[in-house]
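Chains as they are written, first to last, in this note's numbering: chain L, 22 to 191; chain S, 39 to 698.
Any given hint could be a false lead.
[To be verified] Short, incomplete list of chain L residues facing chain S, as computed with Cβ under 8 Å:
| id | residue |
| --- | --- |
| 1 | L124 |
| 2 | T132 |
| 3 | A142 |
| 4 | I150 |
By construction, these hints were calculated from the structure, which means they are not laboratory data. From a predicted model like this one, the values you see are computed outputs, not experimental measurements. Positions of the beta carbon are idealized from the N, C-alpha and C atoms, including for glycine.
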Amino acid sequence: MVTLWRATLSALIGVMFLAAAGTPPVFAVQPDEVLSDASLEKRARSLSAGLRCLVCQNQSIDDSDAPLAKDLRVLVRERLVAGDSDQQVIDYVVARYGDFVLLKPPMNTHTLLLWIAPFLALAGAVVVILRGMRAQPPTTIATAAPLSAREEEELDRLIKSSRGPDTSSR
Amino acid sequence: MVVEIGHFALILALVVATAQMIVPMWGAQVRDARLMAVGDSAAVVQFALLIISFLALMHAFVTSDFSVLNVADNSHSEKPLIYRIAGVWGNHEGSMLLWVLILGLFGAAVALYGRHLPATLRANVLGVQASIAVAFLLFMLFTSNPFERVDPAPFEGRGLNPILQDPALAFHPPFLYAGYVGFSMAFSFAVAALIEGRIDAAWARWVRPWTLAAWMCLTLGIAMGSWWAYYELGWGGWWFWDPVENASFMPWLAGTALLHSALVMEKRDALKVWTILLAILTFSLSLMGTFLVRSGVLTSVHAFAVDPDRGIVILTIMMFFTGGGLALFAWRAGALRQGGLFAPISREGSLVLNNVLLSVACATVLVGTLYPLALEGITGEKISVGPPFFNMTFIPLMLPLLFAMPFGPLLAWKRGDARAVAQRLAFAGGLAVLVTIGVAALSGPGPWLAPLCAALGLFVLFGAITDLLSRARLGDVGRAEFLRRIISLPRSAYGTALAHAGIGIMVMGIVGTSAYQTEKIVALKPGERAEVAGYDLLFKGITPTKGPNYSEQIAEFEVTRNGSPVTTLLPSKRLYNAPPQPTTEAGIYPAWTGDLYVALGDEQPSGGVALRLYFHPFVRFIWIGAVIMFIGGMISLTDRRLRVGAPQRARSRPAAVPAE
Chain L
22 MVTLWRATLS ALIGVMFLAA AGTPPVFAVQ PDEVLSDASL EKRARSLSAG
72 LRCLVCQNQS IDDSDAPLAK DLRVLVRERL VAGDSDQQVI DYVVARYGDF
122 VLLKPPMNTH TLLLWIAPFL ALAGAVVVIL RGMRAQPPTT IATAAPLSAR
172 EEEELDRLIK SSRGPDTSSR
Chain S
39 MVVEIGHFAL ILALVVATAQ MIVPMWGAQV RDARLMAVGD SAAVVQFALL
89 IISFLALMHA FVTSDFSVLN VADNSHSEKP LIYRIAGVWG NHEGSMLLWV
139 LILGLFGAAV ALYGRHLPAT LRANVLGVQA SIAVAFLLFM LFTSNPFERV
189 DPAPFEGRGL NPILQDPALA FHPPFLYAGY VGFSMAFSFA VAALIEGRID
239 AAWARWVRPW TLAAWMCLTL GIAMGSWWAY YELGWGGWWF WDPVENASFM
289 PWLAGTALLH SALVMEKRDA LKVWTILLAI LTFSLSLMGT FLVRSGVLTS
339 VHAFAVDPDR GIVILTIMMF FTGGGLALFA WRAGALRQGG LFAPISREGS
389 LVLNNVLLSV ACATVLVGTL YPLALEGITG EKISVGPPFF NMTFIPLMLP
439 LLFAMPFGPL LAWKRGDARA VAQRLAFAGG LAVLVTIGVA ALSGPGPWLA
489 PLCAALGLFV LFGAITDLLS RARLGDVGRA EFLRRIISLP RSAYGTALAH
539 AGIGIMVMGI VGTSAYQTEK IVALKPGERA EVAGYDLLFK GITPTKGPNY
589 SEQIAEFEVT RNGSPVTTLL PSKRLYNAPP QPTTEAGIYP AWTGDLYVAL
639 GDEQPSGGVA LRLYFHPFVR FIWIGAVIMF IGGMISLTDR RLRVGAPQRA
689 RSRPAAVPAE
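Bound conformation, chain L alone (with noise of 0.2 Å):
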């Protein structure tokens, strides 16, 4: 709330261009960086927006005008002009940059918990659904007596009576 929820991303901005003082704003990815071949260009964007600006807060190379940003996107792209797996891409990047780079962490024992706590808090929702459905008597829905020949016309007498001025009756 520094009022604004972009507002770490513009006082990144800041603090770069402070440094950089009055320099006119770097362009994400730069016309010059797009690969000539189109599929390794897609590759390239595909992997860049699962990598993240190791100076920016939260944001991906694809995304971000940083010049370290910059150069990872070439970096990248260079690999696979080198002829690299996108796999065989990520492990070079992460060989230098460790985990920190990937936006999507890996499954490790550090990650586990993560990656299994949407499961987790499902399962415990259900646990306690089915916990609170057992605290319910089910006798009540369940086992109410049927109603007699007498009740049942009782009934419809009832609800002929006053279907006309009942309007929203669901």
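Add chain S to chain L, keeping to what the hints say.
Frame of chain L, contents of chain S only:
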């Protein structure tokens, strides 16, 4: 002088809030009506004092009184009036003042419009509300005083971050805060109910309008922020799963769940304990949002509005209210009696499903947001949890929710007939699938998930319409009778349908822009052309101009489609004078099928200027959907049964179980 009056009013507000915290609650304990009545006048006086204080600060900003430290740090005399006003809450101290002002507003509203509340409940609610105010007023006066003077006063202020000088962003914080702080009402009512150990369906009826109002404001606030990011940040992104965004999204998810569980509680006297817990958690998440953003714990690399001491104080406040609320809950929840039995397939059952999925989604976002902090704190290892994680976990939870959404309002309370409802929805579902197949065939390749999500969005939209039509008994009654019925449907029914339809529309916007956007990165020289999504853009050149407090480079593009002129786009780059920062202003042409979006980059060494051209299909639906949700809430609020202070509905029609 005005500044001192504001400062003094703030201190007085603390004194009054302290009285409001103690006296009425004590009065409720000893059943003394006079002591309880103190709460009402105190709440109104406290609010009046906060208004004085707020206006004093605003006066300092508008007149550029740089002898006030806060003004000198965050304003500039050249700024246009609207941003001098918005600058009041464009900084830490001022935003905290806005926070307590809105808190005071809600307290005063309870005092003025809550006459029908039982006296003890009102006294306790006002007492709890005041305790929050005391905590935040103490925090402000001791660590973040907006009225601190500076001597000697600087000749000129340091200016507001230019990226914040924007109309949508100027009014984004007040809505966001109204949402955050509005949930304090649900919290205060929950704690008051726990203190009294008594809670009934009437409680839910009193809480719902406040929660709804808060939820509406939060919805609009988040949407404004997203809209701003879309056109200001220069690449058309509208949601980033940024921790700061998540901080506002978690209360929204919990608040949405709360709205629905309070409904079950009001209509059916069930889910009481859960609703109370949710009320406490929703406000706790709001406080946590405040803590996360204010403390700077989210990142250590920047120093923007970051102060660890303040963070610790807010953390303490958060722990006190969250922990206190939960402890009280653990202690007293057993005293609350459960009621209202229902079968799994029923309106209640569908609302439970809604609550499960929203809570699990909220928990997922919470874990994803805090996990890196916790892991770094415990092991020192740094990881990133970014959009891929959230998309992978959040979307699968939302798909069943979207699918179930049209069923909920059509199911009967207590025990529903799933097959009958499915029959009524068959038309909506079939239509959604047909339209989706048509669109998918026309739009070309995209992710396999996209048509499924689009179909779900359409299903939600058509389902909302089906709900209204079947409530009015379309097909069962004659045309005149149908028209009479559809006009006289309760407003809350329209509210529900609109809010759900808004979600459906938003989903379509999200799918359209995420799966089918086209992007082109080019360098153009004046006179050259580029083509994107059937639009032909002719770059005519760049003209430098001057704004009130910035210089600007405006590029001109003539846009044509199949040879016929469409529009002229003027994307620009600005350089602000104080502080000297550049911003980009995208050029956007909104059409029904999507936005043509042009962002201006740098001069290229090879000559020409870098450009990013986008076509974002249906992106506007995202914010249109949010506005429709807001309107739905508004209409629902005007419903007699929900209106704040309205007496219970006349007893003459006991047979009509209000549907929503």
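Task: Hint check against the structure, violated hint numbers in rising order - done: none
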